[in-house]
Each structure stands twice: as C-alpha cells, then as structure tokens.
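Participant: Put the two chains together into one complex, using the hints given.
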Amino acid sequence: MDISLAIFFVISAVTLVACGIVAFSKNMIYSAFALLGVFAGVLGLYILLSADFVAIVQLVIYIGGILVLILFAVMLTTRIDMASGERRLVNKAMEPLAAFFGIAILGALIWKSFFSTHWTVSRVFYGPTTAAIGEKLLNEYLLPFEIISLLLILGLVGAMVLGRREVK
Amino acid sequence: MIPLEYFIAVGLIIFLLGLYTCLTRTNAIGILMGIELVLNAAGLNFVAFSHYNGNKIEGHVMTLFIIVLAAAEAVVALALLLAIYRRFKGIETEVVATLKE
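Residue numbers (this note's numbering), protein chains in the order written: chain Y, 1 to 168; chain D, 1 to 101.
Don't take every hint at face value.
Dumping the calculated SDA-like pairs for lysine to any residue here, alpha-carbon to alpha-carbon at most 25 Å [to be verified]:
#1 Y:LYS112 to Y:ALA98
#2 D:LYS89 to Y:TYR30
#3 D:LYS56 to Y:VAL161
#4 D:LYS89 to Y:ASP52
#5 Y:LYS112 to D:ILE35
#6 D:LYS56 to Y:LEU137
#7 D:LYS89 to Y:GLY44
#8 D:LYS89 to Y:LEU137
#9 D:LYS89 to Y:LEU76
#10 Y:LYS136 to D:ALA42
#11 D:LYS56 to Y:GLY44
#12 Y:LYS26 to D:MET62
#13 Y:LYS26 to D:ILE2
#14 Y:LYS26 to D:ILE66
#15 Y:LYS112 to D:LEU80
#16 Y:LYS136 to D:ALA97
#17 D:LYS89 to D:ILE35
#18 D:LYS56 to Y:ILE11
#19 Y:LYS136 to D:GLY54
#20 D:LYS56 to Y:TYR30
#21 D:LYS56 to Y:ARG123
#22 D:LYS56 to Y:ALA108
#23 D:LYS56 to Y:GLY134
#24 Y:LYS112 to Y:SER25
#25 D:LYS56 to Y:ALA131
#26 D:LYS56 to D:VAL68
#27 Y:LYS112 to D:ALA42
#28 Y:LYS136 to D:ILE66
#29 D:LYS56 to Y:PHE8
#30 D:LYS89 to Y:ALA98
#31 Y:LYS26 to D:ASN55
#32 Y:LYS136 to D:ALA71
#33 Y:LYS26 to D:ALA97
#34 Y:LYS26 to D:VAL68
#35 Y:LYS112 to D:LEU12
#36 Y:LYS136 to D:GLU94
#37 D:LYS56 to Y:LYS26
No wet-lab data here; the hints were simulated from the structure.
Because the structure is a prediction, the values reported are computed rather than measured.
Next comes chain D alone, as it looks inside the complex (with noise of 0.2 Å):
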C-alpha cells in the first residue's frame, strides 16, 4: 500500500512548480500553463484524502467541480487572450500594462 503522505509530496511539489511558473512568466499563457497545474495539484490533493479516508466520494465529486471550473476558466482566458493579441499584437504582460491605447 502506498502511503498518503507520498501523494501529498507528489501534489505540492505540481503545486510549487505551477506557483513557480505563474510567478516568473511573461507571457500570459505560460500564467494561464501556471495555474493549470495547481488546480491539478488541488485535484490531486482532494482525491487523495478521500481514498484514505476509507473511499469517500466527496473528495471526487469536488474534483469533478474543479476540473470544470477549469475548464471553463481557460475557455474565457483563452477568448481573452486571443482578443488582446488581436489588439495589442502581443501576450506579454508589459505590452498589455495600459488601461487605454
């Protein structure tokens, strides 16, 4: 049997990476890349203790919550970002620092 505390390593470390990756990118998708994996981090984290809590649901069915929410977070992200290229000609986030052109 694996341990829990094996799984609770496995997801911090995705989490630190993605907080890593949110924090020292530009461009605005590589942010977007950031904060995918540490919803996936969440996920992993919430399934974990309810396997070890003698195979609840709860845990799964928050999950199933964040994997749509991410889902329809990129979605309106990705709208956005690709309309901010259409305008600025760039993702980088020093471009897009203006509040008018």
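So here's chain Y without its partners, still in its complex pose (with noise of 0.2 Å):
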C-alpha cells in the first residue's frame, strides 16, 4: 500500500475519533481535550494537502488560541465535578434519534450530490505557498484583508467591554 495513504488513513482514524467523543461524550471536559486531537488531525491533512502555512497557522490560531480560550471557558463556567453536556430531555429517547435521522439523511443528501457530480482532478504537485498566499493577500484580497482586520478589532473591543466588570 501507499505510504501516504496508510499516513491517511491513520490521521483520519485519529481526527474521527476526536469527533466522535467531542460529540458524544457525557462531560464537557474530555469534549474540550478531545477537540485538541481535532485541530491536529485536521492539521496533519493540511500538511497531507500540501498546506504549509494553512497547517501553520492552525497550528498557532487554533491550538494555541481557541482551544486555549475554550478550555478557559469550560474550566470557569462550570464545577469539574459536574459539568455534564447532557440534555435534560423532554423525550430521552427521540430527540436524540430525530436528530441523528435528520444529519443522516442531510449527509446522504451530500454525499449522492459530490458523486453525481463529475470533478476533473488535474495534475497534483507539491510545493510551498507562503509567497503564493503573500502575493494573492495583497493584490486579490486586499479589500477582504483589510475589512478582516477591522473585523478583529471590532471582535477584540467587543470582547473586552462584555468582558469587564460592571462599575456602579
């Protein structure tokens, strides 16, 4: 078998595992440690896609930032002993199952869509795409760069004034 495709196979375990305890397990924390394993399977794919800086920058954003904050979060809304992601539930049994029915059928909706379609894959290279990406956020993407920015300010002035405490 193809070295990369046993590399696949084994990022992709790791990466739907995670998803399946963020998903499915009964406490918040072991959600919030299993989304780490996540990011860094969605990472490895990157790299596997010849991503470079995209993996990078998940690397630095999304570990090290959002995991971080998120961890933060769960740790000081919520006792450890018991911070339960469960549902007190109206119906215990269906409303889970309507839900699970419901991502069914909208994944087999997809998944007949992608393959009734006809792609034409060209030639794959690998290569590195810093300067690509430079160049195209500089002239291409300016406009969007630029609103991005000030999306991040906007996002930073907002955190911090519902953050602070209120002064009488």
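Facilitator: And the structure:
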C-alpha cells in the first residue's frame, strides 16, 4: 500500500475518533480535550494536502488560541465534577434519534450530490505556498484582508466591553 | 496518491458530527465546540478542492479567512458566555431562556 495512503488513514482515524468524543461524551472536559485531537488531525490533513502555511496557522490560532480559550471558559463556567453536556430531555429517546436521522439524511444527500458531479482532477504537485499566499493577499484579496483586520479589532473591543465588570 | 473523495468524506463526517453536537448539547460551550468542528470541516474542503485543482492558492486564502473568522467568533462568544454566567450562574441554554430577569 502507498505510504501516504497509510498515513492518511491513521490521521483521519485519529480525527474522527476525537470528533466522536466531542460529539458524544457525557463530560464537557473530555469534549474540550478531544477538540485538541480534531484540530491536530485536521492540521495533519492540511500537511498531506501540501498546505504548509495554512497548517502552521491552524497550529498557532486553533490549538494555541481557540482551544486554550475554550478550556478556560469550560473551567471558569462549570464546576469540574458536574460539568455535564447532557441535555435534560423532554423525550429522552426521540430527541437524539430525530437529530441523528436529520443528520443522516443530510449526509446522504451531500454524499450523493458529490458523487453525481463529474470532478476533473488536474495533476497534483507539492510545493511551498507561503509566497503565493502573500501575493494573493496583497493583490486580489486586499479589500477582504483589510475588512477582516477591522473585524478583529471590533472583536477585541467587543470582548473587552462584554468581559469587564460593571462599575457603579 | 490519495483520491479527492477520501478528504471529502472525512470533511463530511466532521461537519455532520459538528452539526449533531450543535443540535444535542444544551451547554452553550458545547454548541460553540460544534461550530468549531463545522468551520474546520469547511476549511478542510476548501484546501482539498484547491489542492486537486492544480494546487491553486485561492482555497488556502479562503481557509485563512475562515480561521480568522472562527477566532473572532470564539473570542466574542466566550466573553458573552462569561457575562451570562456571572448574571445567571449557569450557561445551560434553558437557564438563559428569559428576556428579562
């Protein structure tokens, strides 16, 4: 078997198992830590897809930033011993079942539409992408780039306003 | 060479599990985790399609935008959740169902 195919299967197995823990775990702390497995697995898939810059950004922002924030929030807002993500259900059997069937039908539809489309795959090659991304960001995507920096400032100020204590 | 379908299948499963997480959790942080899974799946799809389209860069740029948006969204949502926790002493979604105290 092709070595890259074997690596792909290992990485995607880790990713999907961690995803399952995030979705089905009874304990919020386990879910938050399993999110590390998902982000790291997607990072590995980015590397397999020859997206080196995106992989490093995923490492720095998702694993270094968002995951730490989520862990902080879980530990600040719930007591560890009773941090359950479980739903107090009106109908204990039917509600997850309904969600599951909705998800299954949606997934089957997406899968079918993907396979009924004829994709032309051009020749695949591997190479560095950072310089090309920089040129794209400062030529074609300059306006979205500036808008997104404005959005980051707004997010920063908004989080500070929301997070401060009220002064009488 | 890994076929395109494999990456799309992994992205699809991550997306569906994220949606399931959003639908079945009542803890607001759990819902936020589901949203992160959905955004990751979208980024993975963008990079996969751009890699199999001759390693074009557009998909990578879109994925970078998605990651930045996810960061901004997570920061604001978590600040909001901490404010809600201070006021309601809980972040279960049925606790916060009132419009005024």
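Participant: Does each hint fit the structure? Answer for all of them.
Facilitator: How the hints compare with the structure:
1. Restraint check for LYS112 (chain Y) and ALA98 (chain Y): the C-alpha separation of about 21 Å stays at or below 25 Å, so the hint holds.
2. Of the pairs offered as hints, the one joining LYS89 (chain D) and TYR30 (chain Y) holds, with about 22 Å between alpha carbons and a cut-off of 25 Å not exceeded.
3. Distance check on the hinted pair: LYS56 (chain D) and VAL161 (chain Y) sit about 40 Å apart at the alpha-carbon level, beyond 25 Å; violated.
4. Proposed proximity of LYS89 (chain D) and ASP52 (chain Y) is contradicted: the alpha carbons are some 43 Å apart, above 25 Å.
5. Using a Cα cut-off of 25 Å, the hinted pair LYS112 (chain Y) and ILE35 (chain D) holds, with the two alpha carbons roughly 24 Å apart.
6. Among the hinted pairs, LYS56 (chain D) with LEU137 (chain Y) is consistent with the structure: their alpha-carbon atoms are about 14 Å apart, no more than 25 Å.
7. About 39 Å separates the Cα atoms of LYS89 (chain D) and GLY44 (chain Y), which puts this hinted pair outside 25 Å; it is violated.
8. For the given pair, LYS89 (chain D) sits about 44 Å from LEU137 (chain Y) by alpha-carbon distance, which is inconsistent with the 25 Å threshold.
9. Between the alpha carbons of LYS89 (chain D) and LEU76 (chain Y) the distance comes to roughly 11 Å, so the proposed pair stays at or under 25 Å and holds.
10. Annotation: proposed proximity of LYS136 (chain Y) to ALA42 (chain D) holds, straight-line Cα distance about 20 Å (limit 25 Å).
11. A hinted pair counts as satisfied when its Cα atoms are at most 25 Å apart, and LYS56 (chain D) with GLY44 (chain Y) qualifies at roughly 19 Å.
12. Pair hint LYS26 (chain Y) plus MET62 (chain D) does not hold up; C-alpha atoms about 34 Å apart against a cutoff of 25 Å.
13. As the CA atoms of LYS26 (chain Y) and ILE2 (chain D) are separated by approximately 35 Å, the hinted pair breaks the 25 Å bound.
14. Under the criterion of a C-alpha separation no larger than 25 Å, the hint pairing LYS26 (chain Y) with ILE66 (chain D) is inconsistent with the structure, at around 29 Å.
15. In summary, the hint linking LYS112 (chain Y) to LEU80 (chain D) is not supported, as the alpha carbons are separated by about 39 Å, beyond the 25 Å threshold.
16. Only pairs whose Cα atoms come within 25 Å are accepted, and LYS136 (chain Y) paired with ALA97 (chain D) is rejected, the gap being roughly 45 Å.
17. With a C-alpha separation of about 23 Å, the suggested pairing of LYS89 (chain D) with ILE35 (chain D) holds against the 25 Å cut-off.
18. Taken as a hint, the LYS56 (chain D) and ILE11 (chain Y) pair is honoured in the structure, with Cα atoms around 24 Å apart against an allowance of 25 Å.
19. Taking the CA atoms of LYS136 (chain Y) and GLY54 (chain D), the gap is near 16 Å; set against the 25 Å cutoff, the hint holds.
20. Only pairs whose Cα atoms come within 25 Å are accepted, and LYS56 (chain D) paired with TYR30 (chain Y) is rejected, the gap being roughly 37 Å.
21. Distance check on the hinted pair: LYS56 (chain D) and ARG123 (chain Y) sit about 11 Å apart at the alpha-carbon level, within 25 Å; holds.
22. At most 25 Å may separate the alpha-carbon atoms for a hinted pair to count; LYS56 (chain D) and ALA108 (chain Y) exceed this at roughly 29 Å.
23. Using a Cα cut-off of 25 Å, the hinted pair LYS56 (chain D) and GLY134 (chain Y) holds, with the two alpha carbons roughly 13 Å apart.
24. Between LYS112 (chain Y) and SER25 (chain Y) the alpha-carbon distance is near 30 Å, which puts this suggested pair outside the 25 Å criterion.
25. For the suggested pair LYS56 (chain D) and ALA131 (chain Y), the alpha carbons sit about 13 Å apart, so the restraint of at most 25 Å is met.
26. Between LYS56 (chain D) and VAL68 (chain D), the direct Cα distance comes to roughly 20 Å. Compliance with the 25 Å bound is thereby established for this hinted pair.
27. At roughly 18 Å between alpha-carbon atoms, LYS112 (chain Y) and ALA42 (chain D) fall within 25 Å of each other, so this suggested pair holds.
28. For a cut-off of 25 Å, the pair hint linking LYS136 (chain Y) to ILE66 (chain D) stands: about 16 Å separates their Cα positions.
29. Only pairs whose Cα atoms come within 25 Å are accepted, and LYS56 (chain D) paired with PHE8 (chain Y) is accepted, the gap being roughly 21 Å.
30. At roughly 30 Å between alpha-carbon atoms, LYS89 (chain D) and ALA98 (chain Y) are farther apart than 25 Å, so this suggested pair is violated.
31. Annotation: proposed proximity of LYS26 (chain Y) to ASN55 (chain D) is violated, straight-line Cα distance about 41 Å (limit 25 Å).
32. For the hint pairing LYS136 (chain Y) with ALA71 (chain D), the CA-to-CA distance comes to about 22 Å; that is within 25 Å, so the pair holds.
33. Between LYS26 (chain Y) and ALA97 (chain D), the direct Cα distance comes to roughly 23 Å. Compliance with the 25 Å bound is thereby established for this hinted pair.
34. Distance hint between LYS26 (chain Y) and VAL68 (chain D) is unfulfilled; the C-alpha atoms sit about 30 Å from each other, more than 25 Å.
35. Taking the CA atoms of LYS112 (chain Y) and LEU12 (chain D), the gap is near 12 Å; set against the 25 Å cutoff, the hint holds.
36. A hinted pair counts as satisfied when its Cα atoms are at most 25 Å apart, and LYS136 (chain Y) with GLU94 (chain D) does not qualify at roughly 45 Å.
37. The hinted pair formed by LYS56 (chain D) and LYS26 (chain Y) fails the criterion: a straight-line CA distance of about 41 Å is larger than 25 Å.
Comparing the model with each numbered hint stated earlier shows that hints 3, 4, 7, 8, 12, 13, 14, 15, 16, 20, 22, 24, 30, 31, 34, 36, 37 do not hold.
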